[in-house]
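Enquirer: Chain by chain, the residues:
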Amino acid sequence: MMNSMNNIIKQIDDVLTITNSEIITNRQFAIDINSGDVHQSLAYLKSIGFTQLSILTCIDLIANNEFQLIYILNNWELGLFVIVRTIIPRDNPAFVTIINIFPGAKYYEREVHEFFGVTFEGNDSYSKPLLLEIWDDIPPLRKDFDPQVYSDSKFPKRDLDKIYRSKIGGVD
Amino acid sequence: MVLENQDNRNLWEKIGDFFSANSIWMKWYCTGCGAIELPPTMTSRFDMERLGMGPMATPRQADVLLITGYLSSKTLRRVIYSYEQMQDPKYIVAFGSCTINGGIYYDSYATINQLDKYIPVDLYIAGCMPRPEGIMNAFADLITMIKKGQANGWRHYQENYEWYKQNQLDSLKEVIIHDEFHE
Amino acid sequence: MNNPVLLIVIPLLLAFLSVIIKKAGKWLLLVGLLFNTALAFFITTGETIIGGFAPPYGINLVVDQFTLVGVILINTLMLITIVVSFDLVGKYSIVLLTALAGINGMLLTGDLFNLFVFMEITVIAAYILSAQAKKYHHTITYLVIGSVGSVLYLLGIILLYNLTGSLNMADVAAKLPLLTTKELLVPVLLIFIGIGVEVKLMPVSGWVKGVYSNANRLIAPLFASVIAGTALFVFGKLFVSVLPVSDTLTLLMLIMSVMTFVFGEFAAFNQKRVKNILLYSSIGQAGLVTALFISGLVYAAVILLISNVISKLIMFTIAGAFTEKYETDDYESLNGVFVHNKFTGIAFTIAALSMAGIPLLIGFYAKLNILIGFFQAQNYVLPAIILLMAIVEGAYIIKLLLALWAPGKEGQVSEKSFAVEKKQLLSVKNTIICLIVALVIIAGGVLIDITEKVVTDGQPLLGDQSPSFTISQSKGGE
Amino acid sequence: MTLITVLITLLTLAAVTYLLSLVNSKLGAYFTIVTSLATIVMLFLIKDSIGQSYSLSFFTFKLTTVGWYFSMVMVTVYFTTAFLNPFWIKKMIYPAAYNLFFLVSLIGTIGMFFARDFITLFICWETVVWTSTFIIQMGKSRKSSYVYYVVSAIGSMVTLFAMMLVYQVSGTLEISTAFSALSGQPVLALIVFFTFILAGLSKIGIFPFHVWLPMAHGSAPHTFSPVLSGGLVKMGAFIAYLSVTAFAAYEVFANTFTIMGIPAPLYIIMVLGAISIVVGTVMAIRQDDAKKLLAYSSVANGGYILIGILLYDQIAFAGGMLHLISHALASATAFITIAIVAYRTGTTKMSELGGMIHRMPVTYTVYLIAIISMAGIPPMGGFVSKWLILQGLADRGLLFLAAAAFFGSIGSFMYVFRPLSAVFLGQLAPKYEKIKEANIMMQIPMYLLTIATLLVGVFPNVVLRVIADIQLEAGIQEIVLVGNTIVVSNGVLDALRVFIVFGYGFLIALVIFILRRKSRRVTLMDTYTSAEFIHTPELLHYSSNFYAPFERLTKKPYPVLNLYEKVSIKIKEIGHMAESLFSSSKPAITIFWIIIVFAIFFLGGVL
Amino acid sequence: MTVMNFVYGFIVLLAAFIFQTALTGVNRKVTARIQKRYGPRWYQQFLDIFKALRKGSITHGWVFDFGVIMALGGIMATVIFIPVAGFEAFPNMDNVFVISYLLAVGMLGMAMSAAGSGNPWASIGVSRALTNMVAYDVPLMIVIFTLIFAFDTASVSEIAAMQQGMGVLGWNAVRMPLGGIVAFIALFGMLGKKPFDSFIAPAEIASGPMVEYGGKHLGFMFILHELMTFIEVSLILSLFFGGGSSILVYAIKYAILYTLVNIISQVMPRFKIDQAVKFFYRVPLVFAIIQGLVVIFLGWGVSVWF
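Quick mapping for you: the protein sequence lines, in order, are chains Z, Y, C, F and U.
Take the position in the first sequence, starting the count at 1, then add 32; the result is the number in this note's numbering.
Take the position in the second sequence, starting the count at 1, then add 51; the result is the number in this note's numbering.
Take the position in the third sequence, starting the count at 1, then add 117; the result is the number in this note's numbering.
Take the position in the fourth sequence, starting the count at 1, then add 328; the result is the number in this note's numbering.
Take the position in the fifth sequence, starting the count at 1, then add 1; the result is the number in this note's numbering.
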């Protein structure tokens with residue numbers, strides 16, 4: 033298994049321009065790609081058997097002031113997952129849709145837009161709400177969003193005479 | 052909810068309350084982790100049918116709405132919708148700390164903290180989650196309350212409808228959700 | 118003045134005249150037709166000898182009730198055809214007059230050779246008329262097949278003359294019982310095939326489609342009702358009264374007729390063009406008429422013949438008008454054409470319904486007589502075939518009528534706006550004539566006792582003893 | 329007043345209607361109501377002279393009770409349906425012709441029911457066929473008209489064969505006496521029986537001939553579908569009646585093989601009736617078009633009528649005859665209501681409708697009563713007739729026929745409920761918000777028919793007395809009627825008492841309902857949706873694929889329609905073959921044929 | 002037909018309701034015992050019904066109310082016609098076809114009201130209920146048809162009377178064993194007991210036709226259900242299990258029959274609706290037809306036993 037995965041990585045490496053590759057488990061490996069190469073890479077991966085887009089999600093790397101978009105593809109024949117990672121700028125985050133490669137990405141892109149504010153050019157419906165039926169603040173999964181403040185402002189709290197807190201690991 | 056002692060019911064209402072108390076049909080709103088506590092309560096170990104209680108399929112038929120855990124704002128809209136579809140007299144029993152003060156989700160951007168601001172809760176069951184014994188105990192209490200005419204949450208809701216509505220609006224906002232898959 | 122010879126002579130005379138006075142040709146034709154039609158109603162039954170020699174050696178014209186019906190019918194039909202399409206006559210007046218003479222001759226003559234002569238006159242005229250469509254290869258086909266048919270007929274009468282020493286029909290008929298079946302086989306067969314070409318019996322009717330389907334408003338009804346009617350009358354005369362033949366041959370002839378009938382109707386069912394439907398229907402009906410003649414049901418055959426030629430006259434006239442105005446006679450491209458021409462449509466419908474054998478029209482009366490006749494002869498198979506074919510016939514007729522009356526695609530409520538563009542099919546005069554003819558169809562079907570009286574004049578046709586349907590029968594024992 | 333006067337008056341009125349229609353089609357349409365009303369009046373006037381004979385030209389008529397009964401059923405349907413004519417007449421492509429044909433077909437049916445000889449019978453029959461063919465084509469399908477004609481023609485042509493055969497054997501055309509000549513000739517009798525009854529089968533829509541009903545009913549003009557289903561289909565029942573009375577099938581086939589006391593030929597026809605009950609029911613359940621559904625229900629009910637009449641005994645025969653009127657009323661009512669829905673909404677597809685009750689309560693109620701009758705539920709007319717038929721079948725022990733009858737009667741709950749639920753109940757689509765109730769003129773026939781249905785259901789003995797007269801006329805034992813009670817050998821039924829007790833039960837329920845707290849009115853969209861918000865009523869209306877599980881079980885297509893198409897294609901193929909073989913434009917080929925013919929004939933002649 | 006008939010009718014109605022409701026309560030306890038539970042009080046069903054009647058309710062328009070009333074009215078009328086141990090409120094009105102078709106009024110009313118609620122689940126439930134009816138009714142009606150043919154009467158009380166005097170051997174279920182099996186199986190379908198309860202499946206289609214009922218409408222439905230159960234069990238009891246010579250015997254036999262059905266149904270899974278149709282048309286229908294043929298052509302089981 034390891035062998036075939038190495039072969040695949042080698043094969044991918046030959047064709048695509050990969051900045052970094054990383055083996056995570058014996059069925060899973062990750063590759064980092066420049067944001068410009070994503071579409072070409074996904075199309076290639078789809079053509080060699082990674083036909084299922086398992087998820088498209090995002091990580092807020094606030095320290096570097098950038099977002100990392102993550103595409104996880106699945107190869108049903110070999111039982112392999114490839115994690116395709118790419119970096120986009122955090123200010124005015126925008127990317128191009130992949131619905132022409134994986135039509136199902138429509139809803140993942142909506143979710144990413146809803147929770148991180150990334151816009152997807154070419155996907156007409158990316159700005160429609162998906163999970164949050166109504167939202168009036170900065171996207172909630174960004175690291176600079178404070179849920180406590182939001183919750184306090186939105187949802188009334190019970191007035192209790194005394195608030196008990198549990199002690200975890202000796203720290204108050 | 053404070054147990055008010057207002058017994059100005061007439062005879063028919065007392066008889067009616069007797070029937071209501073001895074035949075409670077539940078509709079449980081399975082949010083969070085509380086729902087899993089109900090099957091043991093229903094089945095042979097605890098057998099809630101002894102009390103004349105039983106599960107019902109729709110809110111139209113049910114007397115009591117069980118909220119079995121935390122409520123996100125999205126879910127709360129539907130809980131209110133379900134509650135308003137029930138016929139009076141109707142009661143609400145809320146399970147666990149999440150419904151009381153938000154529980155471990157006290158600071159979530161999507162989870163409400165205090166249920167009785169939005170709908171009238173007749174009975175809270177403490178715990179995270181309450182065990183079947185607790186639930187059975189609560190139901191026994193509920194039956195007593197109904198018999199005494201003290202489970203008046205639905206009446207309270209009718210009387211203070213504006214207040215409840217305002218709270219709901221403040222937290223949830225008016226929103227029309229369209230089912231985009233069928234349009 | 119009641120000399121039947123005039124029926125032949127006057128048209129011929131007028132034909133010569135019109136050669137001289139070319140401009141008056143049309144009017145001479147009309148005069149000839151009017152004269153013939155009028156005279157046809159006044160001639161009486163009997164025998165007229167021409168040239169002084171008594172038959173069997175001389176030439177004679179025989180007028181019996183059967184011939185009389187034929188003469189009246191055919192002359193009237195030709196008059197109507199010409200009147201309706203008078204504008205199309207043009208240079209054909211001589212040919213038409215010649216044909217008129219030939220037709221009358223064919224009907225009246227009592228001599229087998231004369232029949233050949235008159236048939237040739239008619240057929241040659243027909244060749245010329247068929248060239249009108251400018252589809253010359255069809256004309257050539259017709260010419261070749263027609264000539265072969267004529268030659269076969271001629272051969273047949275030569276052999277017959279060899280056997281009997283006579284060409285006079287009555288004489289031949291009298292002498293036939295002396296001959297053996299085998300001796301008679303070849304001449305009868307040759308005559309049958311020769312006449313069969315004109316009658317349009319199925320395997321030998323290859324010319325019909327090419328000629329009929331391209332003919333115009335004048336020529337098509339002329340062929341389908343006038344010439345075809347004449348041929349059928351002649352067939353009836355020959356095979357009922359002159360050449361009654363052996364059982365085997367009758368059976369074969371009957372099979373061929375019935376085959377023509379069945380295949381003709383089936384082929385009509387398969388057609389998409391109005392004229393093609395009509396022409397195959399004509400072939401089919403001709404097959405039925407010959408079958409009836411062969412079976413000896415003369416009265417039924419004559420009624421069927423009458424109903425059929427009248428119907429075909431109206432229908433072919435209107436079908437000709439379709440090609441004239443709309444350049445097509447495919448009924449699907451004529452969707453809803455009668456929306457704009459209601460009266461024409463009514464005439465067409467009545468004719469079509471009569472063909473399909475709808476009660477109170479003459480076609481139904483014919484069907485009743487056929488059925489009664491066959492059942493009387495203990496024949497149960499042919500009525501079954503006829504009724505099954507009536508279903509097929511009804512099916513294509515209703516399909517045709519629906520397409521012509523009700524515009525709109527399947528699934529739409531029919532509306533006037535879906536119909537083809539508005540054009541007047543027939544002039545007012547012609548429409549009225551068509552309606553009057555249609556009235557005859559109705560009258561013939563309703564007043565059946567009068568119909569019977571007109572056709573038979575109280576005497577059996579050609580010795581036909583089979584029963585006919587009368588009003589009193591339906592009243593049972595009363 | 330003689331029958332001849334009636335017929336001539338009617339023909340005159342038809343002509344007047346036609347002329348009026350040429351001037352103003354709507355006026356003519358109103359005149360169809362007048363004419364059909366006049367028909368009812370005149371039929372009542374001539375009722376006293378039953379038994380007399382009349383003749384006119386080659387038409388001969390005899391006034392019989394059965395003819396009178398059939399005519400009354402027919403003219404009731406025509407009269408009530410005529411009320412719709414004024415509203416649709418403008419939509420017809422040939423309004424004047426529609427009015428004329430409408431009346432002529434009525435006159436044709438009356439003439440047919442009173443016919444004394446075969447020719448009159450056949451002429452009137454064909455008149456009805458052709459006029460109705462020309463009316464059907466004014467609807468939305470030409471093909472249906474074509475199929476209708478062809479199936480009718482199969483029936484009528486084959487029957488003509490039978491008539492002529494009988495004429496040849498007996499020498500008379502009079503219906504009542506002609507058949508007697510067949511008694512000594514079993515083979516001939518068999519042929520005549522099957523060919524004669526074929527017209528009836530094709531008209532009433534019995535199994536292999538039922539294909540025309542859904543097509544013609546479904547696409548005929550909305551004003552004519554009630555007549556087709558309620559009225560014209562019943563002409564077939566008349567032929568069935570003749571085949572047991574005039575033809576006397578039970579006597580003629582008395583010596584043949586019998587099954588449970590029924591001669592085999594009759595049993596075969598009854599089995600066909602049973603098959604059509606099953607097929608009609610199963611197919612009706614599968615339809616989406618409300619009119620097609622009702623058409624298939626006519627197929628099924630035709631089976632009941634046929635079985636009832638052919639049993640020709642005290643009980644089932646009365647049931648069959650009563651079913652004739654109860655189905656005519658119910659079916660006409662149902663078609664009229666669907667027509668009115670179509671008039672307001674423009675569609676008869678159930679999947680496109682819904683919630684009409686909130687806009688057309690009267691139409692809904694009328695439809696409800698019609699389907700209660702159609703499904704054979706007390707206290708409507710359909711129940712009494714089905715009860716009689718079932719009692720009759722049970723009396724004779726005809727197990728398989730009864731099995732089909734049970735399936736049909738329970739299956740009818742399924743299919744009659746479908747339009748009720750899909751068209752009238754459920755969610756109202758926003759596009760139908762503005763729809764109005766049927767206007768007064770359209771409501772009149774609905775009220776009339778509903779009252780009639782109820783009367784037949786509650787006081788069936790009024791009709792059954794006429795049927796008893798028919799039984800007397802036909803020479804079988806009369807049904808026993810005591811006051812309001814029907815007494816048969818294995819049961820009694822007092823329909824009035826059933827009605828009263830039902831009313832009593834209803835009253836108790838109503839009292840309890842009123843005594844309890846008043847309900848709160850909520851909107852239709854305020855309904856249990858598993859707490860999901862839904863804003864599109866159309867999507868919340870369950871109307872398509874209603875009986876999906878049942879349809880899965882009956883998925884296999886049944887091959888009858890294909891059979892007709894295959895025959896038609898075969899005919900075309902043979903026609904094409906004949907054309908290509910014998911109509912070549914090359915003279916050589918014709919000469920080849922001449923030689924072939926010559927050769928065959930020569931050989932045939934020599935040998 | 003006098004006033005007394007109506008009074009008797011009302012008494013029958015009341016007695017039937019009380020008896021059947023109490024029996025249902027007892028059977029809930031029986032069910033609980035099968036499931037190793039303690040179970041509710043025996044009068045729990047009364048409490049449930051009266052509580053439902055006490056509650057407030059909603060309506061979706063007049064047909065929603067009218068259907069319920071029509072359903073209960075029709076069923077009540079049917080109960081009045083049911084002969085109990087030879088006692089009839091309205092003599093000579095116990096025709097089996099009248100009873101089985103009048104029963105349909107109730108079903109139609111209920112279906113109408115349910116569909117009138119505008120809830121698709123209700124329509125699905127109705128669709129299943131009607132399909133279920135087509136499944137069980139055809140075999141049952143064929144067996145009943147056989148009985149009518151055999152005894153030459155369609156009166157339920159007469160058929161019941163004819164079975165008495167010979168003990169168990171006189172029962173039609175014993176005389177015509179296949180027919181008895183069919184009737185017994187059909188009873189499950191009629192009562193909507195498992196395995197034929199897919200039309201009220203609560204977790205699947207939210208209790209089907211009853212989805213929108215609350216308050217008095219639901220109370221009506223419960224009363225209707227009890228009365229319908231009474232009709233159906235009585236019918237099968239009278240036709241196949243000998244009815245009862247006295248009210249007491251009748252009640253005991255009734256209770257045993259109903260409890261037996263209930264006990265068996267508690268250990269059954271649930272058929273999908275098309276499986277139910279397939280089942281009924283495979284086994285009971287064939288049994289019914291065989292039974293019919295045996296009775297009609299061989300005459301076994303009609304007049305004599307052995």
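The set of hints was computed from the structure by calculation and includes no laboratory data.
Please note that a few of the clues may not be correct.
As the list claims (entries may be wrong) - With a straight-line Cα cutoff of 25 angstroms, these simulated DMTMM-like cross-link-like pairs (lysine to aspartate or glutamate) come out: (1) Z:K194 - Y:D167; (2) C:K252 - C:E441; (3) C:K516 - C:E532; (4) F:K894 - C:E237; (5) F:K914 - C:E237; (6) F:K898 - C:E449.
Enquirer: Would you mind marking each hint as holding or not holding in the structure?
Expert: Going down the list of hints, with the structure as the test:
no.	hint	verdict
1	Z:K194 - Y:D167	holds, 19 angstroms
2	C:K252 - C:E441	holds, 16 angstroms
3	C:K516 - C:E532	holds, 18 angstroms
4	F:K894 - C:E237	violated, 45 angstroms
5	F:K914 - C:E237	holds, 22 angstroms
6	F:K898 - C:E449	holds, 22 angstroms
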